[in-house]
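Using the sequences plus the hints, can you model the full thing?
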Amino acid sequence: MSGHDAATATTTVSISAGASAAAAPEAGEQEVPRGIGASVPAADTRAKSEGTFPYAADLWAEGLLWAAVLRSPHAHARILSIDTSAAAAMPGVRAVVTHADVPGATTHGRRIADRPVFAHDVVRHHGEPIAAVAADHPDTARLAAAAIAVEYELLEAVTDPEQSFGAPALHPDGNLIRHIPLRYGDPEATGEVVVEGLYRIGRQDPAPIGAEAGLAVPRPDGGVEIYTASTDPHLDRDLAAACFGLEPDRVRVVVTGVPGATADREDAAFQLPLGLLALRTGYPVKLAATREESFLGHTHRHPTLLRYRHHADAEGRLVKVEAQILMDAGAYADSSSESLAAAVAFACGPYVVPHAFVEGWAVRTNNPPSGHVRGEGAMQVCAAYEGQMDKLAAALGIDGAELRLRNVLATGDLLPTGQTVTCPAPVAELLRAVRDFELPSLPKDTPEEEWLLPGGPEGAGEPGAVRRGVGYGVGMVHMLGAEGTDEVSTATVKVVDGAATVICAAVDTGQGFSTLARQIVQEVLGVDEVVTAPVDTDQPPAGPAAHGRHTWVSGGAVERAAKMVRTQLLQPMAHKLGMSTELLQIQDGRITSYDGAFSTTVAEAMAGKELWATAQCRPHPTEPLDGDGQGDAFVGLAFCAIRAVVDVDIELGSVRVVELAVAQDVGRILNPRQLEARIEAGVTQGVGAALSENLRSVSGLVRHPDLTGYALPTSLDAPVVRIVKLVEERDVVAPFGAKAASAIPVVTAPAAVASAVRAATGRPVNRLPIRPSAAVATPNS
Amino acid sequence: MTLPASLDEAVAALAAMPAAVPVAGGTDLMASVNAGLLRPAALVGLGRINEIRGWQYQDGHALLGAGLTHARMGRPDFAALIPALAAAARAAGPPQIRNAGTLGGNIATAAPTGDALPVLAALEAVLVIHGPGGSRREIPVSYLLAGREMLRPGELIGFVRVPLLHAPQVFLKATGRTGPGRAVASVGLVLDPARRGVRCAIGAVAPMPLRPLEAEQWVASLIDWDGGRTLAPEALEAFGEYVAAACVPDQGEPVAPGVLHLRRTVAVLARRALGRALSS
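Chains as they are written, first to last, in this note's numbering: chain A, 1 to 781; chain B, 1 to 280.
Mixed in with the good hints, there may be bad ones.
Chain B regions said to be covered by chain A (calculated; three or more residues, Cβ under 8 Å) [claimed, not checked]:
#, region
1, 89 to 99
2, 177 to 190
3, 266 to 279
The following residues of chain B were derived to be distant from chain A, with all beta-carbon distances above 10 Å [stated by the list, open to error]:
#, residue
4, Gly-147
5, Gly-197
6, Tyr-242
Don't read these hints as lab results, they were simulated from the structure.
Here a beta-carbon is modelled for each residue, glycine too, at the ideal position from N, C-alpha and C.
Here's what the structure looks like:
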């Protein structure tokens, strides 16, 4: 079948692009960084910077059709009728599919199957898919989708999560997705000082720079192949197969052209219409989302309302924390249950709290859907508990950093979930490092430097109205899936004639997994040339790219497989020498025995050999939180402290983040340059959440779903990031002892920025993003 | 798509294809096309009309070509002539936008947040409109922005006539971020020593730039035009409040916090703009 051949050719394009880029830097004469701890460059850097990297939106197959999705213009409405006849009759239209055309399961979902493939009786959010069209031209497809006549009866949209409890059920499963009451210690305990606060966190969008796109190609055996930038290909395959009414082995998801992801990419709601249309028409079908569709279709960070009461003694030591956390899940459950667990478990932050009473709810509304965005749950509570720490410091007249230091968590302490912190928790060390780091100079001390005022170059800012503030944020995040999620990953390492290939279904979303996998194999086997194979679902599952799990679980699997290959390689030599393989070491491309008597090059030893090994990594199990919010729910924790320095024009309320000093608990540095890049990226995403990123909706309808209306930080908004300290205390249970690095700066930076704006203005700053009106102050305050 | 080389050709092309849409930099138009909001049957590209890409002098005025890009207007030679328009052009977005977006496009799109618009309103600029059959007419920019006059079918903005005032001018805008962003509020303010006038317009707070005429007259009467042209801080403060009260109405009781913040922002911008104009 021509379509099938063409699609195969498409993948070949992406493979060769990746492989050639990987080989190119190693062809040079000079020393190329290799192995663990070196700044090995990513294999696709060159292709991406030269514009030759094939992204999912570049996919093409001979004779392909174009898909378009009809989405709901209403936040909540009953569908009275759907008439596709006009659309189907349009010239060039090959197929129109609706709810009635879904052969298998009509609902799907990441954890709970509560989301219809196509809405049929009710639409529950703006942008929910109702039908899809395949046509021979993208414009025809879009016009046909617009020609589908849907009759709606408008229903009242529930957009205030507080109203969700008493509102009529928005979904057959009810409005409450999860409630976690956490009870820890004595409810009667009280402190000498009590501070209360109400905090609101906005809706951050993951805003992937490459919008969602994919290609589905029907197979001769009645199955379908979906080429897309999935971050969890096996789950996407299982969801798709269930909806198509096919066995999972008839659906193959091929991961290609991921343009970076900070959240779940390529929502299944996007791949399902694609696959259905390919199966229906027998032709390859391509779908490339517009920016507006991308904003409407994918999931966002949970908008959250938090009420806090902190009790402390006269010295500022925490006695009790009471909190209520209400997360707006949107219309469907998605990963809200996990986000809520993180929010409740980390509600008190990285502090020792003897008594804690936290209630958390995730509820349905007709707002845009929420789901996994990195730092989910942890980020929202961090902004709130750090706000409380600032209030407590102000109430007691203690310095903010000092107050935090009196309460910090350390290894061996208990979380309010009753779990003992067994991993390294160098929170005090991190906080001291950022506190003691030299402050950036003031403009008056360095008049020779051009000073960027809040409001930008040549903006409205006036030096006389600018106040500087310094604030702190300390955050924590869990690694890997929590509450009993089976975390497992499988990797294969193949070495043919000294050239190694890693086959593992862990998707490199920009977090650098494929670079790390190459480094691991270089380290263990002493080979130079390592490529990572493209990912598809014919490989064993590796799980989603989230919570730093691929560094840990998939990296662990790669290391084990590489070690098995090492044993296969060394066993015959060791046997010949009459010693065990442990007495042979591989270093700098040479195999040497412990006494130096035997020595050969790796290249020589591997010549003509083909060695394979496959291994799995499964970290120790966790347990769900019980009815009192207690349980060993997390495999590992990571911590970060950030000191923010901001300049605020207190008359206009414009804020510029001057500098963020970051100290992070990283376990072990595997790739210094990649680590720095991850921290800088995370911090910048956090600055966006703190100052400008909020996907606005009015009555459930998204306003300005474009990159002009949704203000991402620009290079002028990105602060100077000073990585003050990277604490390398190895986590003994993690492979290589490394901790997740990407999510924790996102969690902590917004809290630090808010704290600094509080210091500059004297205003409470209890809402993120910080609006200019909340940062206006009178000059004498 | 046709690419005429002169204004007359462009007007003729529009007359020949009434459904065609003129496009200059395309920074607004193409965004609408990409979003599927607009599907022009045909386009008349204005990018090759050299006569509107520069400016010329005309008895105390500058006749600015509608095809001047923001990037061109932002350069020092232009800034020496019309400083506030240059400042607005430099603030109009990232370099990619400034390289493509034009003065005429900014006026024709008439977005409330168009950065050049409050400056043109304060300068009391006049548009020279070219129409079919070689017709010319002139309308004040504020008439077009307020909808008192419309561009008729087949008409194009050819030139913009602005006075050369040889006095300080200021453009300021408040945005949500440090990088380029849409104005929350903006102000264009020019001094006209010959007529002993202060002219000021507030952008982005209403569908068109607003002129606080009474505040202008009041503050102009306080300025010692023959002396140091200075004002007491209290007078600057009062001018800001006066402008803000005129441009941001209450919209019912109690006054919404958003309105109060906007009014404060406008007051600060107007005060700072006049302060900078008088001190430079």
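Okay, the hints, checked on the actual structure:
Given as covered by chain A, the region 89 to 99 of chain B passes the check, having 3 residues with a CB less than 8 Å from a CB of that chain where 3 are the minimum. Counting residues of the region 177 to 190 of chain B whose beta carbon lies closer than 8 Å to any beta carbon of chain A gives 7, which meets the minimum of three for the stated coverage. Counting residues of the region 266 to 279 of chain B whose C-beta lies closer than 8 Å to any C-beta of chain A gives 3; at least three are required, and the coverage claim holds. Residue-level check passed: B:Gly-147 sits 24 Å from the nearest beta carbon of chain A, beyond 10 Å.
Its beta-carbon lying about 23 Å from the closest one in chain A, B:Gly-197 satisfies the requirement of being farther than 10 Å from that chain. Listed as outside the interface, B:Tyr-242 is consistent with that label: its C-beta sits roughly 17 Å from the nearest C-beta of chain A, beyond the 10 Å cut-off.
In the structure shown, no violation is registered for any of the earlier numbered hints.
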